[in-house]
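Number of protein chains: 4
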Amino acid sequence: MDYRTDLAMERTIHPGGIGEGVTVQTQSEGEAEITWVRIHTPTAAKRLGKAEGTYWTMTHPEMPYLTPEERIDVARQVAQTLRLMLPPKGTVLVLGLGNRRMTADALGDRVVSGILVTRHLQEYSAGALRSVCALSPGVLGVTGVETAEFALSLVERLKPSAVLVVDALAAMESDHIATTIQLTDTGIHPGSGVGNHRKEITQETLHVPVIAMGIPMVVYASTIVRDALKTIFATEKEDAEAHALADSLVSQTQQDLVVTPRNIDELLAGLADMLALAINCALQPSYSIEELTHLLH
Amino acid sequence: MDYRTDLAMERTIHPGGIGEGVTVQTQSEGEAEITWVRIHTPTAAKRLGKAEGTYWTMTHPEMPYLTPEERIDVARQVAQTLRLMLPPKGTVLVLGLGNRRMTADALGDRVVSGILVTRHLQEYSAGALRSVCALSPGVLGVTGVETAEFALSLVERLKPSAVLVVDALAAMESDHIATTIQLTDTGIHPGSGVGNHRKEITQETLHVPVIAMGIPMVVYASTIVRDALKTIFATEKEDAEAHALADSLVSQTQQDLVVTPRNIDELLAGLADMLALAINCALQPSYSIEELTHLLH
Amino acid sequence: MDYRTDLAMERTIHPGGIGEGVTVQTQSEGEAEITWVRIHTPTAAKRLGKAEGTYWTMTHPEMPYLTPEERIDVARQVAQTLRLMLPPKGTVLVLGLGNRRMTADALGDRVVSGILVTRHLQEYSAGALRSVCALSPGVLGVTGVETAEFALSLVERLKPSAVLVVDALAAMESDHIATTIQLTDTGIHPGSGVGNHRKEITQETLHVPVIAMGIPMVVYASTIVRDALKTIFATEKEDAEAHALADSLVSQTQQDLVVTPRNIDELLAGLADMLALAINCALQPSYSIEELTHLLH
Amino acid sequence: MDYRTDLAMERTIHPGGIGEGVTVQTQSEGEAEITWVRIHTPTAAKRLGKAEGTYWTMTHPEMPYLTPEERIDVARQVAQTLRLMLPPKGTVLVLGLGNRRMTADALGDRVVSGILVTRHLQEYSAGALRSVCALSPGVLGVTGVETAEFALSLVERLKPSAVLVVDALAAMESDHIATTIQLTDTGIHPGSGVGNHRKEITQETLHVPVIAMGIPMVVYASTIVRDALKTIFATEKEDAEAHALADSLVSQTQQDLVVTPRNIDELLAGLADMLALAINCALQPSYSIEELTHLLH
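Which chain is which? The protein sequence lines are A, B, C and D, in order. Residues in the first sequence are numbered consecutively from 1, following this note's numbering. Residues in the second sequence are numbered consecutively from 298, following this note's numbering. Residues in the third sequence are numbered consecutively from 595, following this note's numbering. Residues in the fourth sequence are numbered consecutively from 892, following this note's numbering.
Read the hints as simulated data drawn from the structure, not as lab findings. Hints may be right or wrong, so weigh each one.
As the list claims (entries may be wrong) - To give an idea of the chain C side of the interface with chain B (calculated C-beta under 8 Å), a few residues:
1. Val618
2. Thr620
3. Arg632
4. Thr737
5. Lys753
6. Val802
Claimed, not checked - Below, computed lysine-lysine pairings styled on BS3-like, alpha-carbon distance capped at 30 Å:
7. Lys640/C x Lys793/C
8. Lys456/B x Lys753/C
9. Lys496/B x Lys683/C
10. Lys937/D x Lys159/A
11. Lys343/B x Lys386/B
12. Lys980/D x Lys199/A
13. Lys1090/D x Lys1050/D
14. Lys456/B x Lys793/C
15. Lys1090/D x Lys159/A
16. Lys199/A x Lys937/D
17. Lys386/B x Lys496/B
18. Lys753/C x Lys683/C
19. Lys89/A x Lys46/A
20. Lys89/A x Lys1090/D
21. Lys199/A x Lys89/A
22. Lys640/C x Lys683/C
23. Lys1050/D x Lys980/D
24. Lys386/B x Lys640/C
25. Lys89/A x Lys159/A
26. Lys496/B x Lys343/B
27. Lys640/C x Lys496/B
Said to hold, decoys possible - Rough simulated footprint, nothing fancy, chain A against chain B, three-plus residues with beta-carbon under 8 Å:
28. 398-406
29. 498-508
Glycine is no exception: its CB is placed at the ideal position from the N, C-alpha and C atoms.
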């Protein structure tokens, strides 16, 4: 059963999601819903198809259409969580994954272009600015270099205290497209995502903490069809049989298709700005979030 | 039953498609399949939800991945059909519909940017070049002007002998995305398309022949789900009941979502170049298609 | 003597600029300098190579690098002047001249993309929004249609009460690039500008008031060389002789070259946003400038 | 005397350019002129302000406007010279320097996007494809990482047999903009270039051969003014005095301005494609240049 979702939260709301080795906490704040998923054991990790660690998710049904004030609010909350996950000191290397020439896969690159980079200003800043650098590795088919290899090269030379990886995600439910932010301390694991451009990028491979941040921009067409079919079959058949039948009806063609909002190009810019703001806010506490907002324009 | 397809051909392959007032001719050429659909009567037009007139469709499963020679071949065939539909003389006004900032809706604008415009060179060309002009009207939400109004303004002043409208289409079947070209002498009718930006643009409204050309870039997510559901229900229920049930299960959210290839940005450029080449070839017979190919680069 | 400048203000600061038939008023506001030039007679118009009418110019040496508050301030002043020049009621048609694919010529198109268009919302807005539409005509070499012809087509059909034309300008002095805004009620006259894409677009040709707004993005290389040469020769020779000698030394090649800031792509976005804000502010007095600022992001 | 040119050839055509330690060979091929400059001694290197090594330059006055056949011809000649400079085997790492968001500085990034990358296909290609990877490091102000540091990180991990660096250059003479290709085995040295984004990237720093390739996209405005002035003064004064006087008249503002063709955006695409073709041709001898041409479209 390949669910092709990057959201740990989605796995927990499906049958068998929660259980031994998994803790889920949710809280509502206005229209926003925040979920902490913690996966404690290798068995639970295997059952959910997600690595052991912590996943923070914020879902807001109006996320692409927030007012400026609401956006600052969301960014501030993301920044707070990000600060909890990052070490308090040292250079942070931000990597924007994905293919900037494919709208559905361009989130990482766009976020990176909004990051306040400061590593080269350290001698002038007298400690007022945390050292940050930000790069877009591109994708294997365009560069000939695995993103994981790229990350390792830079980490070895720049010696950051942590790596923050930003990427466009894939969800299982279309309601989560462009409305959900996930932050996790587990890094990036291959096997889902929009562009399949991902060998493992984790603390194990890079030897520094790796935080991953993303927003789902697509659902695979196969997922949406399979899901619709399962709903039907479930009323008549055993669960496993329903799933197998649904899988058999998903055509090969649909594997390469994605479901996405018509106006994804437009949504992308706003969401990327919001994540860049959150990152800048988390990394530069000596600036107010309002000052940082102005830097993006 | 809202099928939301711009392809007349797709309507004829569904139950009840062919029948009185409709002629369908198909022919295969290698991997390509060409279909002529002619709708002769108002009743047939109503039944199929498509205007009376002629629709030419070419489907090639490898269309986005053709070799340069194969692309020239496809463009040449489109050009021949286009020449049949256009009046032999006079200025042709090419309009590239849609929103250039939304990849799935940008085909028209991209094609227009490849058109060999010559209207302003008439005094130098001594009759060697057919007069062509090409504009992108943009979309109502961005300009405040209906595309149909824009077209009428320009037609009244420029007095072209025909208008050629290029637009991104919506299909019912995902196999037709990026693989099918439709040419029709019926112009543009509201109600489908990617961006819903379309009041009627037809010979009735503009008083000159209006040819419409397009390639499906999306299937509405609602269509793909409905289709999957119908397949299932059809085995157990009456046709009408299956359809109604399928419709009831398509959620509102899915109405705004589209199914599209992950690499649509990449496909767009190649398809737009091919259509521009076909148009240039149809309109400038004094140049060879090879010479025209070089103009695009 | 072809000075190739669009700024009337620049003509008045050169020898013989002011004189009979020309009134010049300047005032300083902080670092900004505001100049009103009024050309009252055909003789003065001929002498300066600028049409009879009013030209308002604001120069701020830090214009591309203002704080958000300062930018709002500049936009507000531009809006006030614009409101003086525009009729109080009726649809305003905003035209963004130039070639969006040439950075130095893309200002008009970029400004248009930030305009709040409302003409299609009139029935819902109950008088709260002034009717505005905004289009980019493109350039003759790309469309086959003169900008002036395009403007006339739209004016005849949409019947606006005024036309506002936005365009990238050429200056004589490099200090004015990206630092000077000109507003004039004389419309657009051929013969200067970045892209040479301009037949006359004026009240005489369109039969409604035509306001032109722009910012210099380049100086012609020939201008800068000629200027440097004149300075030298002026110490040794008579004025006319110095000019003639300078002109003779400007090579043909240099005619096609422009002088521009290295980071023009970056400056463009900020300046276009500021002009769009000024226009939105002038046309929608029921919104505060702060509310309108948020619309751009 | 800061000439701010990246072209060694330009240094040799100025007074004192050729002399001890410098060999210059030129040959004409149709309209093209090819120059080999070899700098043999540290003294000559210091005199010319260029590193010891070999510089190959091809100038063609119509370079941006060649026919497809002529472009293939130029690319083939560049490829031949490039093959002489590169080691015959091993991975080649192509680095596209500069800022992709500044047109005048975007050549490197654009060329990289046309490179046939093959490093990740080595296991499938059975030796038919030479291993190539291609990356754009971005610029210090955007990434926080020096290009030289980036290069070193990747070289240490990927262990290429050579690095090929592509960058937009600055020339002294406006006739060389967009018409001249330079290839050199001396790598990149700080101090000129469009974006000043360059610490040394050479065999000394990377421990593998470093070939640099580029095309001038600008002349600094200060250069063009200084040049015009020198011509004048030279008729009346001693050489050194003329230079000093010219230098004193170049204003500070002009230091940040560049002279560039109005249509640089348009020229960029064609020139980048041509260089990418040349590189692909040099690195993949098992493909014909015609096959490689098709890969770019």
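Hint by hint, where does the structure go against what was stated? Just the numbers, ascending. Of the numbered hints, 1, 2, 3, 5, 6, 10, 11, 16, 19, 22, 24, 27 and 29 do not hold.
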